[in-house]
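S.K.: Next come the chains, spelled out residue by residue.
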Amino acid sequence: MNILYDERLDGALPTVDKAALLDTLRSALPDLDILHTEQDLRPYECDGLSAYRVVPLLVVLPQRLEQVQALLKICHTHQMPVVARGAGTGLSGGALPLAQGILLVMARFNRILEINPAGRFARVQPGVRNLAISQAAAPHGLYYAPDPSSQIACSIGGNVAENAGGVHCLKYGLTVHNLLKVEVLTIEGEYLTLGSDALDAPGFDLLALFTGSEGLLGIVTEVTVKLLPKPQVARVLLASFDSVEKAARAVADIIGAGIIPAGLEMMDNLSLRAAEDFIHAGYPAEAAAILLCELDGVDADVNDDCLRVEAVLKTAGASEVRLARDEAERVRFWAGRKNAFPAVGRISPDYYCMDGTIPRRALAGVLHGIGELSREHGLRVANVFHAGDGNMHPLILFDANQPGELERAEALGGKILELCVAVGGSITGEHGVGREKINQMCAQFNADELTLFHAVKHAFDPLGLLNPGKNIPTLQRCAEFGAMHVHHGQLPFPDLERF
Amino acid sequence: MDQDHDASAGLLEQVRQALEQRTPLRIQGSDSKAMLGRPVDGQTLDTRNHRGIVSYDPTELVLTARAGTPLREIEAVLYEAGQMLPFEPPHLGDGATLGGMVAAGLAGPRRPWAGSVRDHVLGTRVITGHGKLLRFGGEVMKNVAGYDLSRLLAGSFGCLGVLTEVSLKVLPRPRTCQSLRLTMDLRQALGELAAWGQQALPITAACHDGDALHLRLEGGEGSVTSAAERLGGAVLDNRYWHDLREQRLAFFAADEPLWRLSLPHNSPPLSLPGRQLLDWGGAQRWLKSTASPSVIREAVAGLGGHATLHACHSAGFHPLPEPLLRYQRNLKRQLDPRGIFNPGRLYADI
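Taken in order, these protein sequences are the chains called A and B.
Going by our numbering, the first sequence opens with residue 555, and the numbers climb by one from there.
Going by our numbering, the second sequence opens with residue 127, and the numbers climb by one from there.
Calculated directly from the structure, the hints in this document are not laboratory data.
A portion of the hints provided could be inaccurate.
Going by beta-carbon spacing under 8 Å, a handful of chain B positions derived as facing chain A [unchecked claim]:
| no. | residue |
| --- | --- |
| 1 | L260 |
| 2 | L389 |
| 3 | A441 |
| 4 | F443 |
Glycine included, every Cβ here is placed at the ideal spot set by N, Cα and C.
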């Protein structure tokens, strides 16, 4: 378990006199909302990864950027750790509080500052919800492309911190591909403008560096995102396969035919049955795997591509291919996929969602490996897969009330991520490292690479006050968990083909 | 996989020696981008012996090659498989290499619609200022583990380390391509581009030369044909875009200094002395002018953009404001503590 900040492994934290700190903050920032009682702090003890809970020392809820700036300066002077939080929907414990730290909640910065249809951009505060941007842009026929599944609730500041993805990444990219400019405050309370209103900016590309840095380099105070014209039409095909291998082959064949689908999702039998029982999406319950392939763009092109994809799917051995007849059926096909997580929640008391990425050609082998690991650990695994971009979301089914099952689920999850690394993939495609995968980072990166990450951190936050214990493990932590190190050569799955 | 041209051990050895002796290195491939940035005084580190495509599977949309690989070799292999580098990198010389392409971060006419070089960088191997050959990112489309050092290295002009290998996302070539020439003045062109930009039109290049707007349409046959019918104008040879990318249009031939102005795409026409060529649908404007750098920079900065002089010069890149410059220096010091990688190429002390 990685939940608790461990000073021995994660680095020393200052000893804080809570009452004195509260006095300091109140006198310096009399109109800042500060929560300090157990009862008020409790709701902030976790983010979207609710298995991990820590009650913060204090929660602050600023409403003006001057308050954030002053707060950071005070924290810097007093060497006080700060954890930033947006909407709290993150799935890796990136906004997990510190018992000895301040939780800085940016949710009240929720104004859309500008929608500029001719410039095709939106300038927003960090607490604005992802979907709210697309809604505000809709009257102009524009939208913001990245669509993480939490998009009705998650905030854009958190999206930047996590480099959030979604189901349309292969064609439209991640958050980093859809940003023009981000304003940040450093721990010293200095404003930096990263990127620009143009398509590039002079100097090192700090916009790329800060995107996905999980709140370790600075606090996002304003975001300018690109807006795209809405595609004229979107159509979706549903294909059934009697083997996972055939479905995986079909994915490669679609890409090989020169087609870039807007979305390309795979579900295995366990997850598609759970989704079908829950949503009645019309999925074939007997299929070993299904593929959902969405094509969008101009009407004539989409029609042509639908015919091409249908032919490719049939050649690849699909037992059935259905084109959604109308918008209602298209929405229903997607509803099954989008509700796969809660659907799995209905067939198991608890589930644990993983986020590894792999080269697509490794899919069949990795699914086979997951099956073996699943039997070894005595826990079922349902697989949902962003097949287009190689991002897997295995869901480990367990019952937290059974002694030892959570630990077994965590151990199985760790093994699955190591398997992803072993075939040339990554421990996280879009959920982030946060606190959850801090030990698995030791599997993906060696000590020299981690040292370089720490050097980057040092350039912006030499005292290590921003979100300590997240994203990049200390070398001490990796030494302790060295047994699981599979980096470059010492691989635990010798029978798997390597890429 | 090409095993014969792995010269990384030699490159690593040269960097280790330079670190030991504190000798600055001037990193180069074919030197095709030498006109960008400040002059660097140092021992030459030539990447061109470290070359070859390491892996390429068209169905994965990923190509990995060594830094010294000639761009034309990579483009030929992609072409053969019906794919392309979507950002159309300018070569600006016969021997342009992959490493130089990533280090300079230049992109061609498709940039506003397809993204930049860094947008397509998935992973890198790099020799660091600590004398190590390390790997960041990888060959997968999505990867948010750790800081994104690979994308940071794109456009860093070799000031943070020596790139030895790069993995890129590549894409299928569009099925159909058709180019048009529409006679209209610059102001009208900017207005039309703003309006078209809000519609689902398959435009993938837009350039105005003072007399006419040049457009490229790419996509499926249906969308390209119907857009071409709707937009009208005269047929334009598709090779125009190659000449624009490689700065071979007549505009680039004159003797005045060449400036690249990066601007919000819907910025109004700039009243600066000299001649201008609008590219990237307005987001990149080429300027041939003898006006003083401060006049040019002030005009561009006032619109939220920046200006780069395309001539090796002590002040080629747009100056950075404080405190941004300080943090960029911090980063340089952390990643290159002995200051051996292309010192001063971007800015003094960087």
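S.K.: Each of the hints needs a verdict: does it hold here or not?
M.R.: Outcome of the hint check:
Checking L260 of chain B against chain A by beta carbon gives a least distance of about 5 Å; that is within 8 Å, so the hint holds. This hint holds: L389 of chain B has a C-beta 5 Å from the nearest C-beta of chain A, less than the 8 Å allowed. Against a cut-off of 8 Å between C-beta atoms, the interface hint on A441 of chain B is violated, since the closest Cβ of chain A lies about 11 Å away. Here the hint on F443 of chain B is kept, as its CB sits about 5 Å from the closest CB of chain A, short of 8 Å.
Violated hints amount to a single one, hint 3; each of the other numbered hints is respected by the structure.
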